[in-house]
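Position one of the sequence shown corresponds to residue 1 (the working numbering), numbered consecutively onward.
It cannot be assumed that every hint is accurate.
Distance windows between CB atoms, simulated [as the list claims (entries may be wrong)]:
no.: 1; residue 1: ARG143; residue 2: SER41; range: 42 to 52 Å
no.: 2; residue 1: GLY133; residue 2: GLU263; range: 23 to 33 Å
no.: 3; residue 1: GLY133; residue 2: SER43; range: 42 to 52 Å
no.: 4; residue 1: GLU288; residue 2: ASP71; range: 40 to 50 Å
no.: 5; residue 1: SER202; residue 2: SER181; range: 32 to 42 Å
no.: 6; residue 1: ARG143; residue 2: ASN283; range: 19 to 29 Å
no.: 7; residue 1: ASP73; residue 2: ARG143; range: 14 to 24 Å
no.: 8; residue 1: GLU136; residue 2: GLY94; range: 20 to 30 Å
no.: 9; residue 1: LEU160; residue 2: GLY207; range: 17 to 27 Å
no.: 10; residue 1: MET38; residue 2: ASP250; range: 18 to 28 Å
no.: 11; residue 1: THR30; residue 2: GLN268; range: 19 to 29 Å
no.: 12; residue 1: THR217; residue 2: SER305; range: 18 to 28 Å
no.: 13; residue 1: GLU136; residue 2: ARG168; range: 21 to 31 Å
Okay, derived cross-link-like pairs now, SDA-like style, lysine to any residue, Cα gap no bigger than 20 Å in a straight line [said to hold, decoys possible]:
no.: 14; residue 1: LYS87; residue 2: ARG105
no.: 15; residue 1: LYS289; residue 2: THR217
no.: 16; residue 1: LYS163; residue 2: THR195
no.: 17; residue 1: LYS289; residue 2: PRO307
no.: 18; residue 1: LYS163; residue 2: THR210
no.: 19; residue 1: LYS86; residue 2: VAL75
no.: 20; residue 1: LYS86; residue 2: ARG61
no.: 21; residue 1: LYS87; residue 2: LEU160
no.: 22; residue 1: LYS289; residue 2: THR279
It should be emphasised that the hints constitute simulated quantities derived from the structure, not laboratory data.
All C-beta atoms, glycine included, are put in the ideal place defined by N, C-alpha and C.
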Amino acid sequence: MATPSGESPAVARRRLRLALRRAREIIGYTQQQVADEMEWSISKVMRIESGEVTISVNDTRSLLSYLGVTDRDEVNRLIQSARDAKKRAWWDEGRFREQLPLALRQLIQFETEARTIRYFHPMFIPGPLQTPGYVETLLGLYRDTLPADWVDTRIEARLLRRKAFLERTDKPRVMLLLDESVLLRTMGDASMLATQLFDLHSLAIQGRVTVRVIPFTAKIALPALGTFEIHNFAIHDASEQLPEAEESTDDAMLYRESGLLDELADDQATVSRHLTVFTDLWNLAHDEKTSIHMLEKAAQSHAASTPDT
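Based on the sequences and whatever the hints tell you, model everything.
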């Protein structure tokens with residue numbers, strides 16, 4: 001099921017809810033005042049502003065008028081966001097809704113819109129950059145302990161995420177931080193990892209991904225940091241140098257994951273804190289030239305260790 005033109009639903013909902021909350025705060029109205037004017041419950045206003053529920057086009061138009069948003073272009077953009085927020089795509093199909101956590105389904109949509117993506121992955125290659133063989137090997141490790149449909153659905157979703165990344169015409173800036181151990185973690189299949197690293201090396205050479213590798217010698221407790229990603233939706237100039245911690249987090253989203261939790265956050269303090277951590281690690285890691293060489297060398301080593309068939 002393809003998504004119609006326009007923003008993905010999660011991005012549109014986020015853009016709209018932030019705009020509505022900002023407009024309410026600027027004019028000085030409380031959530032209760034909005035609820036009274038619109039004849040809603042206070043909980044509905046809270047759920048709209050938190051992104052838990054969508055808002056109809058007609059209600060959006062009425063609410064914008066009440067909040068004093070009169071600029072025609074801005075009104076039209078937000079009305080379109082209200083429409084886009086109700087679209088459905090492949091991640092809304094039954095098997096994905098049943099098997100994928102809400103935070104992950106929203107992340108999938110943010111991936112299609114983000115202008116800058118920062119990945120910090122101390123254990124594995126990030127999902128959208130994983131080759132089919134890597135996906136099958138990694139998620140296949142769960143086949144003995146989890147239902148087949150759980151594994152198969154996640155494999156399908158991950159391959160669709162890779163396809164979406166590779167087919168994006170508005171190529172995002174991707175900054176990838178890997179621990180050096182990721183280059184050695186074969187999961188029992190050196191040939192598979194060689195293919196994965198050659199693929200990542202190719203993406204780096206093409207400029208699709210900027211990779212830095214954190215060396216074993218780095219004085220940092222990587223496991224304690226956990227995996228996280230920062231997706232920024234602000235338009236950037238592709239000719240700019242890689243932005244550091246001074247980049248605005250006003251239009252950014254954080255995704256954190258562990259074995260037990262998938263979580264999205266967009267409050268500025270949390271995003272800024274993780275951006276600072278990312279920047280510190282980025283500066284601690286090997287530079288891009290050295291990291292690309294490490295990818296190639298590791299890929300060649302794994303390929304050479306694979307017995308001829």
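Here's how the hints hold up against the structure:
1. ARG143 / SER41: 42 to 52 Å: This hint holds: roughly 46 Å between Cβ atoms.
2. GLY133 / GLU263: 23 to 33 Å: holds, 29 Å
3. GLY133 / SER43: 42 to 52 Å: holds, 48 Å
4. GLU288 / ASP71: 40 to 50 Å: Because 42 Å falls inside the window, the suggested range holds.
5. SER202 / SER181: 32 to 42 Å: For SER181 against SER202, whose Cβ atoms are near 22 Å apart, the range 32 to 42 Å is violated.
6. ARG143 / ASN283: 19 to 29 Å: violated, 40 Å
7. ASP73 / ARG143: 14 to 24 Å: violated, 52 Å
8. GLU136 / GLY94: 20 to 30 Å: Holds - the Cβ-Cβ distance for GLU136 and GLY94, about 23 Å, lies within 20 to 30 Å.
9. LEU160 / GLY207: 17 to 27 Å: holds, 24 Å
10. MET38 / ASP250: 18 to 28 Å: Hint holds: Cβ distance 27 Å, inside 18 to 28 Å.
11. THR30 / GLN268: 19 to 29 Å: holds, 22 Å
12. THR217 / SER305: 18 to 28 Å: holds, 24 Å
13. GLU136 / ARG168: 21 to 31 Å: Since the Cβ atoms of GLU136 and ARG168 sit about 23 Å apart, the hinted range of 21 to 31 Å holds.
14. LYS87 / ARG105: holds, 14 Å
15. LYS289 / THR217: Holds, because 18 Å separates the two Cα atoms, which is no more than 20 Å.
16. LYS163 / THR195: holds, 17 Å
17. LYS289 / PRO307: violated, 30 Å
18. LYS163 / THR210: holds, 19 Å
19. LYS86 / VAL75: holds, 17 Å
20. LYS86 / ARG61: It holds: about 16 Å lies between the C-alpha atoms, which stays within 20 Å.
21. LYS87 / LEU160: holds, 18 Å
22. LYS289 / THR279: Roughly 18 Å between the alpha carbons, so the hint for LYS289 and THR279 holds.
Violation of the numbered hints given earlier is confined to hints 5, 6, 7, 17; the remaining hints are satisfied by the structure.
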